[in-house]
Amino acid sequence: MITISGLTKTFGNNAVLRGVDLHVDKGQSLVVIGGSGTGKSVLIKCIIGLITPDAGQIIIDGQDVTRSGHDNLLHRFGMLFQASALFDSLPVWENVCFRMLRSGQSRGDLRDLAAEKLRRVGLGPDVADKFPAELSGGMQKRVGLARAIAADPEIIFFDEPTAGLDPIMSGVINDLIREITTEMGATAITITHDMSSVHAIADQVAMIHDGVVQWHGNIGALDQTDDAHVRQFITGSATGPIPTLR
Amino acid sequence: MMRLLAMIGAATLGGLATVGRMALFTASTFRHLVTQPFYGREFGQALFQIGFLSLPVVGLTALFTGGALALQIYSGGARFSAEAVVPQIVAIGMVRELGPVLVGLMIAARVTSSIAAEIATMKVTEQIDALVTLSTHPMKYLTVPRVLAATLVMPALVGVGDIIGILGGYIVGTERLGFNAASYLQNTVDFLEQRDIVSSLVKGAVFGFIAALMGCYYGMKAGRGASGVGAATKGAVVAAAVLILVANLILTEAFFSI
Ligand SMILES: Nc1ncnc2c1ncn2[C@@H]1O[C@H](COP(=O)(O)OP(=O)(O)O)[C@@H](O)[C@H]1O
Ligand SMILES: [Mg+2]
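These protein sequences, in sequence, are chains A and B.
Note that the first sequence covers residues 29 to 274 in the numbering used here.
Note that the second sequence covers residues -19 to 238 in the numbering used here.
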């Protein structure tokens, strides 16, 4: 479904991605792990077309998007941003159904649809008419999630979906992501630091380090690997090949 | 000496690059203005924000300036016993120059700054990125409604400013300087020409276009973080104010030379 080869991106003299190769099959859930600032968000933004890579190729569903652009694919994407990125001038329900607001459906129907999507992420209908600034960070995250899945996308990107949530809500979100990928057959790429998420969501795991994919394999192989970077990351150890001063 | 030349060269190139980027941004605004979709709801909100909510500040500015203008012309005119021209000069001064320029500058302060801060905040919090992923072009959704609304509503604001400014002069003239109320108004109306009023409204439209465009331009190219929002707001207001004054000179030349 998504094949990335030789992807590079440099900001000024900060070489963030230095030749990323990655592949995800249709309906699979790939989790990308890696220390903060290693370019995981930049990678996702390259795939979805928000950042133009310097070199390399991204092929989505047979289409080379580095040549043809993303415009005709955007309606098949859903994205949850790391900081939610809700539109703070719009009430929650209009955020959730933003894509459908100009589709000709009545605002009443869309409001109901939003309430339904909000319920799926564990938010009551009273939230629908609030504004994003009135919500806690965790609630904003869930609204962002509801917005990402509202139009039943085929390819979904989650940038740190559980960061800042309590363990129970993290569990709810993990289950939801799992459910979306299995039920809807969507392809998902999730960035996370949270090892419980990795185990709950992933079919495949890729670890980014030093601008390249350091390790890539099935979730089952993650705990068996003797790759020192992966071991340090999953055990959360301060000593190892990954420098703690970044 | 070489260093100085190099600095001047770099500043010139930087300035030219900015002008070029603004020109491209303007072209892009027009391109998105004439292509579908058009976001009517956002346009309506922009009309309300820019037009209706600016009325108090426009009214106050014009009222007090009109009054002060009347006092100045009276005392200045007294030096060569020309006190009687107060109604005519207030009318011409407000309609041709002070009305459009003051309203333009107030809009740069009130509207340009808020557009720039809002869009820059959207930029740094990734809301602009989110728009793109939701198949919504930021130029169509954010820039076009604001620029169009400002261009259309500013002539009305300037018209209101002109009238209230003349009213300010009238109040001072009749209450303080002893002019006859009826003849003050008659003099004003008789003296103004169509060209004065048309130039005033055209200036308003141009200034409104500049004010909103600069807000959007600086907002969209904001850097990262809170300092990015601050820099965008400052840059937008300064650019809008300077461009409004430059455009004013050009338009005055175009309307009133000869
Ligand atoms: N738009 C940008 N302009 C300049 N530098 C950027 C930009 N986006 C990200 N970076 C830099 O790229 C690096 C990786 O960022 P990011 O992908 O957000 O990390 P993370 O892996 O934590 O998601 C950071 O050093 C960041 O400062
Ligand atoms: Mg990130």
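By construction, these hints were calculated from the structure, which means they are not laboratory data.
As the structure is a prediction and not an experimental result, all values here were calculated from the model.
Quick reminder that beta carbons are idealized off the backbone N, C-alpha and C, glycines included.
Heads up, a few of these hints could be off.
[Said to hold, decoys possible] Partner residues aside, some chain B positions facing chain A, computed with beta carbon under 10 Å:
1. Arg59
2. Thr101
3. Thr113
[Unchecked claim] Derived, one-sided and incomplete: chain A residues facing chain B with beta-carbon distance under 7 Å:
4. Leu78
5. Phe109
6. Ala113
7. Phe115
8. Arg127
9. Met128
10. Ser131
11. Val241
12. Trp243
Hint check results:
1. Arg59: The hint is violated - Arg59(B) has no Cβ within 10 Å of chain A, the shortest such distance being about 55 Å.
2. Thr101: It holds, given that the least Cβ distance between Thr101(B) and chain A is near 8 Å, below 10 Å.
3. Thr113: holds, 5 Å
4. Leu78: Holds - the Cβ of Leu78(A) comes within 7 Å of chain B, reaching about 5 Å at its closest.
5. Phe109: holds, 5 Å
6. Ala113: With Cβ-Cβ at 4 Å, under 7 Å, it holds.
7. Phe115: For Phe115(A), the interface hint holds, since the closest Cβ of chain B sits about 6 Å away, which is under 7 Å.
8. Arg127: holds, 5 Å
9. Met128: violated, 10 Å
10. Ser131: Given a least distance of 11 Å, the restraint on Ser131(A) is violated.
11. Val241: Check failed: Cβ of Val241(A) comes no nearer than 24 Å to chain B, outside 7 Å.
12. Trp243: violated, 28 Å
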